[in-house]
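Protein chains: 2
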Amino acid sequence: MKRSGLAALVALALGIAAGAALAQAKPEVLVKQRQAVMTLQGKYFGPLAAMAQGKAPYNADVVRRNAGFLDNLSRMPWDGFDPSTKDVGVKTAALPAIWEQPDKFKEAGSRLENEVHKLYEVSQSGDEGAVKTQIGAVGKACGGCHESFRQKQ
Amino acid sequence: MKRSGLAALVALALGIAAGAALAQAKPEVLVKQRQAVMTLQGKYFGPLAAMAQGKAPYNADVVRRNAGFLDNLSRMPWDGFDPSTKDVGVKTAALPAIWEQPDKFKEAGSRLENEVHKLYEVSQSGDEGAVKTQIGAVGKACGGCHESFRQKQ
Numbered sequence: 008m009k010r011s012g013l014a015a016l017v018a019l020a021l022g023i024a025a026g027a028a029l030a031q032a033k034p035e036v037l038v039k040q041r042q043a044v045m046t047l048q049g050k051y052f053g054p055l056a057a058m059a060q061g062k063a064p065y066n067a068d069v070v071r072r073n074a075g076f077l078d079n080l081s082r083m084p085w086d087g088f089d090p091s092t093k094d095v096g097v098k099t100a101a102l103p104a105i106w107e108q109p110d111k112f113k114e115a116g117s118r119l120e121n122e123v124h125k126l127y128e129v130s131q132s133g134d135e136g137a138v139k140t141q142i143g144a145v146g147k148a149c150g151g152c153h154e155s156f157r158q159k160q
Numbered sequence: 008m009k010r011s012g013l014a015a016l017v018a019l020a021l022g023i024a025a026g027a028a029l030a031q032a033k034p035e036v037l038v039k040q041r042q043a044v045m046t047l048q049g050k051y052f053g054p055l056a057a058m059a060q061g062k063a064p065y066n067a068d069v070v071r072r073n074a075g076f077l078d079n080l081s082r083m084p085w086d087g088f089d090p091s092t093k094d095v096g097v098k099t100a101a102l103p104a105i106w107e108q109p110d111k112f113k114e115a116g117s118r119l120e121n122e123v124h125k126l127y128e129v130s131q132s133g134d135e136g137a138v139k140t141q142i143g144a145v146g147k148a149c150g151g152c153h154e155s156f157r158q159k160q
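Line by line, the protein sequences are chains A and B. Residues 8 to 160 (my numbering) make up the first sequence, in order. Residues 8 to 160 (my numbering) make up the second sequence, in order.
These aren't lab readings, by the way, just hints derived from the structure by calculation. Keep in mind that a hint or two might mislead.
[What the hints assert, rightly or not] Take a look, some chain B residues computed to stay more than 12 angstroms from chain A by CB distance:
| # | residue |
| --- | --- |
| 1 | Q48 |
| 2 | G61 |
| 3 | R82 |
| 4 | K93 |
[As the list claims (entries may be wrong)] Quick look at which bits of chain B chain A covers, simulated, 3 or more residues with Cβ under 8 angstroms:
| # | stretch |
| --- | --- |
| 5 | 39 to 47 |
| 6 | 73 to 79 |
Ideal Cβ placement from N, Cα and C applies to all residues, glycine included.
Could you build the full structure based on these sequences and the hints that come with them?
Quick look at the structure:
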């Protein structure tokens with residue numbers, strides 16, 4: 008079996024298992040958890056954005072560390088957008104479009120995961136120009152999802 | 008694409024004040040970030056604790072995934088316990104002992120990181136007994152720190 012096919016099967020199995028394990032999580036807990044991921048993505052992406060903008064000195068070690076953290080964080084929010092959280096009654100900027108256009112939302116999420124993983128890979132080389140270009144691609148993936156699925160801030 | 012174009016895109020995507028990432032994070036932001044880590048450690052350790060306690064069926068794939076996430080998360084909270092957050096005026100269970108006994112706090116944090124990393128390593132083999140034993144060791148590391156440094160819940 009090819010690696011990609013195996014990976015897909017494992018991902019499928021994981022998704023089902025994780026879904027079952029989370030079946031009892033309360034909607035307000037799911038919202039808190041997904042917001043926690045966004046908070047931490049901001050913590051670790053903010054400094055990289057500043058570097059890409061030339062507003063902070065480039066630091067390859069920080070980029071590598073943060074990209075590794077983000078590579079994990081970018082996979083954490085999605086199961087928090089369970090349909091049970093649609094009318095949860097706690098403060099959230101999540102728009103109904105998330106559940107009205109699930110395929111588009113899933114695609115936007117996958118795009119973030121992919122761009123962040125590319126950043127992680129590029130960060131290993133330490134090539135500053137390539138890293139900064141990829142930081143921009145990650146920023147666009149953040150913005151692409153926020154544009155359609157997050158209430159304007 | 009030119010660097011300046013990238014910078015504009017990143018800034019747009021993030022929707023944050025340009026200088027925000029440069030300045031020292033505000034104490035209330037640090038508290039929010041470290042609490043976000045605790046929330047996510049709970050999300051990914053909870054199911055493992057349930058497995059070790061026999062309250063959920065053992066699932067090696069979930070253990071591997073969660074242990075990988077936790078291996079990253081366990082390194083994220085510590086810079087959030089900056090002395091500037093000692094009297095921040097927002098709700099927090101952090102006790103003054105954190106800043107009164109910094110060496111002991113640092114040791115407790117390192118112990119968590121080490122036990123979680125061991126769990127990550129053990130989870131790769133999938134040996135159920137060894138994994139469950141190590142889940143217990145992680146739980147003790149959580150509790151060891153909470154016992155001395157977190158307000159009783």
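A quick look at each hint next to the structure:
1. Q48: violated, 10 angstroms
2. G61: Correct as stated: the minimum Cβ-Cβ distance to chain A is 15 angstroms, above 12 angstroms.
3. R82: violated, 8 angstroms
4. K93: Non-interface label on K93 of chain B holds, nearest chain A Cβ at 20 angstroms vs cutoff 12 angstroms.
5. 39 to 47: Coverage by chain A holds here, the residue count being 7 at a Cβ distance below 8 angstroms.
6. 73 to 79: holds (count 3)
In this structure, the earlier hints numbered 1 and 3 are contradicted, and the remaining ones agree with it.
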